[in-house]
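Sequences and hints are given; from them, build the entire structure.
So the protein lines, in turn, are chains A and B.
With positions in the first sequence counted from 1, the corresponding number in our numbering is that position plus 645.
With positions in the second sequence counted from 1, the corresponding number in our numbering is that position plus 486.
Check before you lean on any hint, since a few could be wrong.
[Said to hold, decoys possible] Which bits of chain A does chain B cover? Going by a derived footprint, with three or more residues having C-beta under 8 Å, they are:
| id | segment |
| --- | --- |
| 1 | 699 to 713 |
| 2 | 781 to 793 |
| 3 | 809 to 816 |
| 4 | 915 to 922 |
| 5 | 1027 to 1039 |
| 6 | 1185 to 1193 |
[To be verified] Here are the in silico distance ranges between beta carbons for each label pair:
| id | chain 1 | residue 1 | chain 2 | residue 2 | range |
| --- | --- | --- | --- | --- | --- |
| 7 | B | Ser-700 | A | Ser-1106 | 50 to 60 Å |
| 8 | B | Thr-583 | A | Pro-967 | 51 to 61 Å |
| 9 | A | Glu-782 | B | Asn-698 | 36 to 46 Å |
| 10 | A | Gly-655 | B | Ser-626 | 26 to 36 Å |
| 11 | A | Asn-672 | B | Ser-626 | 47 to 57 Å |
| 12 | A | Asp-843 | B | Arg-511 | 55 to 65 Å |
| 13 | A | Pro-1269 | B | Lys-499 | 49 to 59 Å |
| 14 | A | Glu-1017 | B | Glu-578 | 33 to 43 Å |
| 15 | A | Thr-856 | B | Thr-583 | 24 to 34 Å |
| 16 | A | Asn-1133 | B | Gly-534 | 54 to 64 Å |
| 17 | A | Asn-1261 | B | Arg-689 | 55 to 65 Å |
| 18 | A | Val-1138 | B | Lys-499 | 27 to 37 Å |
| 19 | A | Glu-1233 | B | Gly-534 | 44 to 54 Å |
To be clear, the hints were calculated from the coordinates, so they are not data collected in a lab.
Glycine included, every Cβ here is placed at the ideal spot set by N, Cα and C.
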Amino acid sequence: MILDAKIPPGPIEKKWTSFKNNAKLINPANKRKFRVIVVGTGLAGSSAAATLAELGYQVDSFCFHDSPRRAHSIAAQGGINAAKNYQNDGDSVWRLFYDTIKGGDFRAREANVYRLAEVSGNIIDQCVSQGVPFAREYGGELANRSFGGAQVSRTFYAKGQTGQQLLLGAYSALSNQIGLGRITMHENSEMLDLVLVDGHAKGIVVRNLITGAISSHAADTVLLCTGGYSNAYYLSTNARGSNVTATWRAYKRGALFANPCYTQIHPTCIPVAGDYQSKLTLMSESLRNDGRVWVPKKKGDNRAPGEIPEDERDYYLERKYPSYGNLAPRDISSRSAKEVCDEGRGVGPGGLGVYLDLGGAIKRLGKHVIEERYGNLFEMYGNITGENAYERPMRIFPALHYTMGGLWVDYNLMSNIPGLHVLGEANFSDHGANRLGASALMQGLADGYFVIPNTLGEYLSTQFGGSKVSTELPEFKKTEQEVRERVNMLLSVKGCVPVDEFHRQLGLILWDKCGMARDDAGLRLAINEIRALRDRFWKEVAVPGTGTDLNQSLERAGRVADFLEFGELLCLDALTREESCGGHFRVEHQTPDGEALRHDDKFASVFAWRHQGDGNAPELVKEPLQYEAVHLATRSYK
Amino acid sequence: MNFHLRLWRQDSKAADGRFEDIEARDIPAECSFLEMLDIVNNRLVVSGQEPVSFESDCREGICGTCSIVINGVPQGPGRGAACQVYMRKFAEGDTITVEPFRAGAFPILKDLVVDRSAYDRIIRAGGFIDEHTGGAPDASATPIPKPVADAAMDAAACIGCGACAAACPNSSAMLFVGAKVTHLNLLPQGKPEAKKRARMMVRAMEAEGFGNCSNYYACEAVCPANVSASVIAKLNRDYIAGEFAEAVGAID
Chain A
646 MILDAKIPPG PIEKKWTSFK NNAKLINPAN KRKFRVIVVG TGLAGSSAAA
696 TLAELGYQVD SFCFHDSPRR AHSIAAQGGI NAAKNYQNDG DSVWRLFYDT
746 IKGGDFRARE ANVYRLAEVS GNIIDQCVSQ GVPFAREYGG ELANRSFGGA
796 QVSRTFYAKG QTGQQLLLGA YSALSNQIGL GRITMHENSE MLDLVLVDGH
846 AKGIVVRNLI TGAISSHAAD TVLLCTGGYS NAYYLSTNAR GSNVTATWRA
896 YKRGALFANP CYTQIHPTCI PVAGDYQSKL TLMSESLRND GRVWVPKKKG
946 DNRAPGEIPE DERDYYLERK YPSYGNLAPR DISSRSAKEV CDEGRGVGPG
996 GLGVYLDLGG AIKRLGKHVI EERYGNLFEM YGNITGENAY ERPMRIFPAL
1046 HYTMGGLWVD YNLMSNIPGL HVLGEANFSD HGANRLGASA LMQGLADGYF
1096 VIPNTLGEYL STQFGGSKVS TELPEFKKTE QEVRERVNML LSVKGCVPVD
1146 EFHRQLGLIL WDKCGMARDD AGLRLAINEI RALRDRFWKE VAVPGTGTDL
1196 NQSLERAGRV ADFLEFGELL CLDALTREES CGGHFRVEHQ TPDGEALRHD
1246 DKFASVFAWR HQGDGNAPEL VKEPLQYEAV HLATRSYK
Chain B
487 MNFHLRLWRQ DSKAADGRFE DIEARDIPAE CSFLEMLDIV NNRLVVSGQE
537 PVSFESDCRE GICGTCSIVI NGVPQGPGRG AACQVYMRKF AEGDTITVEP
587 FRAGAFPILK DLVVDRSAYD RIIRAGGFID EHTGGAPDAS ATPIPKPVAD
637 AAMDAAACIG CGACAAACPN SSAMLFVGAK VTHLNLLPQG KPEAKKRARM
687 MVRAMEAEGF GNCSNYYACE AVCPANVSAS VIAKLNRDYI AGEFAEAVGA
737 ID
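If you want it as structure tokens, here you go:
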């Protein structure tokens, strides 16, 4: 199988423009005839659904939440990047592009990333027009701050709630279109399978989480905007409901899953406190603008942080990476935290924590300034830990946060299944092996507002004529039947171990063996352990109740069953990629000073996995990454 | 720690509900209220009983999915959503009553889960700026004074959870509607539709069966996003202007 990324010809600065100049257009009368299914209502899904409806397409939007506004994009804190150069500090489209490619450790597709940087400015314009209340200076102009992996201030923000405000902007546009009758909104509807007709994605099967009803929905094309798979690790910063089911079901129908081992472990989260814990809470990276990360120089130093004098503290990021300091990228900061904790210099319970200290900034700027910038984060920290971060430094530790891998897509955001488009975190394309801070919001909105409205015509223009697909087709009946059987299988195990228990154990396996450091033996062991756990799941899981009403155990069981399959692919990908890059750190492949060591000769390509039936090894399909505009270099933040 | 829970159980929208007594034993003091419910639920599952249905998602206070009343207070004691309540705030042996939000416009679906789609319908009536993708001027074209941007942000912080209506003796959703109207109407981009927005959203609110504000301020007291009741004053001003403009046929 050969993967064609359909990258437009020409120099990188011209690719998107020349694509748009030559793109297939659908005239307004024909747009009305096309039906588009959008699954997910986060930044990518809401913005895509609203924009496509504005253009005249008939849109069906699906979310498993009770309201589209609850999608997990809402929880993003820090900000959104854009190459506006309002600060006059040397930013440009090229620099944002280069920072993102470099931040991704040269494992992202160049043309996609350049386009992302190019449309970044339009996103800010669009959001301001919608009423997103970005932070402003006294004169009324937009404020910016810095984020990891960049030396310019290009991050726009709305307090520590940027994701919330951007999502509410997209949700308001979506709501407007729903009110006008151009979008049919299906809340409480979880996608459980993808329907193919003659090899094309033409619909989905969903389960209504309130009534238990299983139904089919047909369309001319399907957009998956269903987010990432961090929750495979059980404890992550993701919402409890975030899951891999939609993309995993598409994979099992033939869509390629690309680079699943590229997972992002965020350096600044509140440490784990006990085994009852249901999730981890992020402390925005923006805190590193004003905060300094340190641990005691001495091993096992149990003094309170305030009693440790300045010269006995190790500000290890500033020491190791003097030019980026506390703003080193996430993968590097996380690994450095692990390193100092492994050396026995970690702080807090179990020694699994480092200090994020804003004491200096409070002295320099005053408590009120810090309160205004990060007040909600300090409050959240106080609530969870019972400690006052204005008086003693926060304790933080890395946690699973974002997944760069996802379904393979070409330049048009279409997967290898014709008609199946994948947007936002659910696809693999823009962040390579590590995502920079404030880039996820940018990508979700770029895909939905500006990319898919221009690229969707490439597929739809091939779909004129022929009969319209209806849910009466046998393909729909068959898929629906399979979904019913799977639901019944979960209900009929009748074991006595709660779903959460399996999920927690899967999380422990993945965190230990496929977390911040990975090696051959550990990954092989993890695969065996996951298989054994999966077998146990299908013998012992307890799913009380029925399938015909609201049954939260059943919802979770379905998601965990998919995570138990997906986890194996995640480890297989990590095992096959015998190099270190970005968030994927193989201990066998490191430089003498412990930095990630890439092997560009063998691994400068996308690893996309193709399902070959349950119980068979998936096929590995490679897309070589061609770098025309940038030179592959060893990342350095020193 | 050990607690005595009085939990609301209700099989379906049509069924009658009842309080059920459940003992929550050996609960770590560091865990959150929802994690305590997780522990209780997993024990129920192991003993072959149906767990208590309750909603939550982000568990960091921002998604607005939580919809429970703890000891009579929507979203529980302290600031923030119910997911931000920690067991260390309770005393050993406490009896804790847990109910779903109570408001006519939020029908109970099962146990602690309620239907809050009324809020989405109110937003669809006017809680947006009618602006299509692609037509936006440069973001810096219109300066917005910091105090205005900040006030808009404070109102925009609403998480749409419904605690305001659940706390109000009159089941009023005016804090929710006022927050959206204030957020958008303060901004220059929201001005063209300001009066229409207030008019349409208030009408939608009434059609959903929510009452009007009767100045109890219970909404402000429970709001997990610290939205000030002053947004209701702004809403009233814009609403009256909107109705009046329509009545006299003014174009603005």
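Hint by hint, here is what the structure shows:
1. As drawn, the segment 699 to 713 of chain A meets chain B at 5 residues by the rule of a beta-carbon pair under 8 Å; at three or more, the given contact holds.
2. Check result for the segment 781 to 793 of chain A against chain B: holds, 7 residues qualifying (beta carbon to beta carbon below 8 Å, three or more required).
3. Coverage of the segment 809 to 816 of chain A by chain B holds [criterion: at least 3 residues with CB-CB distance below 8 Å; count 4].
4. Using a Cβ-Cβ cut-off of 8 Å, 4 residues of the segment 915 to 922 of chain A lie near chain B, which meets the minimum of three, so the contact claim holds.
5. Three residues within the 8 Å Cβ limit are the bar, and the segment 1027 to 1039 of chain A against chain B gives 3, so the coverage statement holds.
6. Counting residues of the segment 1185 to 1193 of chain A whose beta carbon lies closer than 8 Å to any beta carbon of chain B gives 3, which meets the minimum of three for the stated coverage.
7. Checked against the hint of 50 to 60 Å, the C-beta distance between B/Ser-700 and A/Ser-1106 comes to roughly 58 Å, which is consistent with it.
8. Distance hint check: the CB atoms of B/Thr-583 and A/Pro-967 are about 57 Å apart, consistent with the given range 51 to 61 Å.
9. Evaluation of the 36 to 46 Å hint for A/Glu-782 and B/Asn-698 yields a pass: the beta carbon distance comes to about 39 Å.
10. Separated by about 31 Å at the C-beta atoms, A/Gly-655 and B/Ser-626 satisfy the suggested range of 26 to 36 Å.
11. Checking the proposed 47 to 57 Å range against A/Asn-672 and B/Ser-626 shows it is violated: the Cβ atoms sit about 35 Å from each other.
12. Separated by about 58 Å at the C-beta atoms, A/Asp-843 and B/Arg-511 satisfy the suggested range of 55 to 65 Å.
13. A hinted range of 49 to 59 Å for the beta carbons of A/Pro-1269 and B/Lys-499 is consistent with their spacing of about 56 Å.
14. For A/Glu-1017 and B/Glu-578, the Cβ-Cβ distance of about 38 Å falls inside the hinted range of 33 to 43 Å, so the restraint holds.
15. In this structure the supplied range 24 to 34 Å holds for A/Thr-856 paired with B/Thr-583, their Cβ-Cβ distance being about 29 Å.
16. For the pair A/Asn-1133 and B/Gly-534, the supplied restraint of 54 to 64 Å is violated, since their beta-carbon distance comes to about 19 Å.
17. Look at A/Asn-1261 against B/Arg-689: about 59 Å separates their beta carbons, and that is inside 55 to 65 Å.
18. The hinted window of 27 to 37 Å between A/Val-1138 and B/Lys-499 holds, with their beta carbons roughly 29 Å apart.
19. In this structure the hint that A/Glu-1233 and B/Gly-534 lie 44 to 54 Å apart at CB holds, the actual value being about 48 Å.
Violated hints for the displayed structure, listed by number in ascending order: 11 and 16.
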